[in-house]
Amino acid sequence: MIRSARPLPALALALLLAACASYAPQPLARDPALLAPPVASILQARADAIPRPWLAPVRIDLQAPLDDAAVATLAVVNGPDLVALRTRAGIAEAQAFAAGLLPDPTFSLGADKVLRGPDTLLNLSAALGFDLNALRTRALTRAQANAQARSVRLDLAWAEWQAAGQARLQAARIRAYERQLPPLRDSARSAAQLAEASQRAAARGDITAEAAQAQRLAVLDAQTRLRTLEQDLLTARQTLNRLLGLPPQTPLALADTPMNAAQPAPLEALFTQAIAQRSDLAALRAGYDAQEAALHKAILQQFPSLNLSLTGNRDSAGNLLLGPAIDFTLPLWNRSRGNIAVETATRASLRAEYAARLFQTRADLASAREALLLALRQRAAAQADAPALRMQAEAAQAAAHRGDLAQAAADALAQAWRDRALLLAQLEQTIAEQRIALELLIGAPTEETP
Numbered sequence: 001m002i003r004s005a006r007p008l009p010a011l012a013l014a015l016l017l018a019a020c021a022s023y024a025p026q027p028l029a030r031d032p033a034l035l036a037p038p039v040a041s042i043l044q045a046r047a048d049a050i051p052r053p054w055l056a057p058v059r060i061d062l063q064a065p066l067d068d069a070a071v072a073t074l075a076v077v078n079g080p081d082l083v084a085l086r087t088r089a090g091i092a093e094a095q096a097f098a099a100g101l102l103p104d105p106t107f108s109l110g111a112d113k114v115l116r117g118p119d120t121l122l123n124l125s126a127a128l129g130f131d132l133n134a135l136r137t138r139a140l141t142r143a144q145a146n147a148q149a150r151s152v153r154l155d156l157a158w159a160e161w162q163a164a165g166q167a168r169l170q171a172a173r174i175r176a177y178e179r180q181l182p183p184l185r186d187s188a189r190s191a192a193q194l195a196e197a198s199q200r201a202a203a204r205g206d207i208t209a210e211a212a213q214a215q216r217l218a219v220l221d222a223q224t225r226l227r228t229l230e231q232d233l234l235t236a237r238q239t240l241n242r243l244l245g246l247p248p249q250t251p252l253a254l255a256d257t258p259m260n261a262a263q264p265a266p267l268e269a270l271f272t273q274a275i276a277q278r279s280d281l282a283a284l285r286a287g288y289d290a291q292e293a294a295l296h297k298a299i300l301q302q303f304p305s306l307n308l309s310l311t312g313n314r315d316s317a318g319n320l321l322l323g324p325a326i327d328f329t330l331p332l333w334n335r336s337r338g339n340i341a342v343e344t345a346t347r348a349s350l351r352a353e354y355a356a357r358l359f360q361t362r363a364d365l366a367s368a369r370e371a372l373l374l375a376l377r378q379r380a381a382a383q384a385d386a387p388a389l390r391m392q393a394e395a396a397q398a399a400a401h402r403g404d405l406a407q408a409a410a411d412a413l414a415q416a417w418r419d420r421a422l423l424l425a426q427l428e429q430t431i432a433e434q435r436i437a438l439e440l441l442i443g444a445p446t447e448e449t450p
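One point on numbering: in full-length UniProt numbering, the residue at position 145 of the sequence shown is 145, and numbering is uninterrupted.
Hints are computed from structural coordinates only; laboratory data are not their basis. Every residue gets a Cβ at the ideal spot worked out from N, C-alpha and C, and that includes glycine. Among the hints, a few may not be true.
The following label-pair restraints were derived from C-beta to C-beta distances [as the list claims (entries may be wrong)]: (1) Gly403 to Arg216: 22 to 32 Å; (2) Ala345 to Pro27: 37 to 47 Å; (3) Gln302 to Val114: 41 to 51 Å; (4) Ala371 to Gly100: 46 to 56 Å; (5) Ala371 to Ala134: 51 to 61 Å; (6) Leu306 to Val114: 27 to 37 Å.
Based on the sequences and whatever the hints tell you, model everything.
This is the structure:
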């Protein structure tokens, strides 16, 4: 039995329709996206799926104290801004994919009916066209799109590095503020006690009213410094939660990190490392490569653009006609001179932008390095007599308890030690922040010398 071949065209049409993309609406969410339990396992899965050479493998546990590696990893894998940037980077990847596709041929079909005359047949015509100009510039178009996609990926890597550094910076501030709280609270409490004693002494006539007023002003100053630090600590905690993509009320414990007193590398070594490591500079170089391809393509477009068509025709008399047709643009007046001028100016602009970024990088590295060296020198000077000052304060308090020394003198020495401890904590905060700032400028962890 002979089977009919009619189902074959229907099957081919069904396969073509199955390969077509379909549309489905996706409305915007009304509330911010929050992680569903178990949060730790979701974050760990994201951290494992986004490896970075400067991120050490860590175990994500929000119930345990977080070190700098865990803070940086959370900022990269869960920061809302970075999640949006990674999604946006898919546009460049899709554009690179589209640039590699061959242009579809064009097909046209027409029919004319003879209204008056001896011929009775329909005049049928068909044409199959090919865009040869797109084929000529396809390699450059692909190179441009790939370079642009590479630039977008590098910009994303730079944004991730900056976000990780900002999260580490907030964590360093939180640790420093928490170390500064005890001496400031002790200072505020001691000032309040001394002000009460001065008030009683002024009432007895033992000291002047001006001296008692000075003690009250000291209380206000100590309380103001304490309130300012508490507000700064609250702001730093909220900022860190936002950078990590966590709700504002999420409690986070931070692990202590030792103070790094290593000297930074020489400026030229830091600058060389920045050129090799900074992904924003690499993104600019990739963008420049894309512009080189764009300029090359504009130069090719000054030559005639070709389109090839294969036409077939059956006229009303029954004659069958078949033949090619070529159309092209005559480069008489335009010759793509406008596009060439635009692309040339754009290339010059990108070249100047890269040179300016290099200059700014060297200047920022020099400033951050000098600031770090200054903070290290200041801490060394403040640390030199800190043990002796602490021993004097402790000995003075013991002598005051025995009655061998006036309590006011012991309190003055205790306050001097608290001021020195506060100064050391502030200098250590400056060192930590400047070291992170230096790493942010380099684009990778610093290679320090002891």
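Against which earlier hints does the structure fall short, listed by number upward?
-> none
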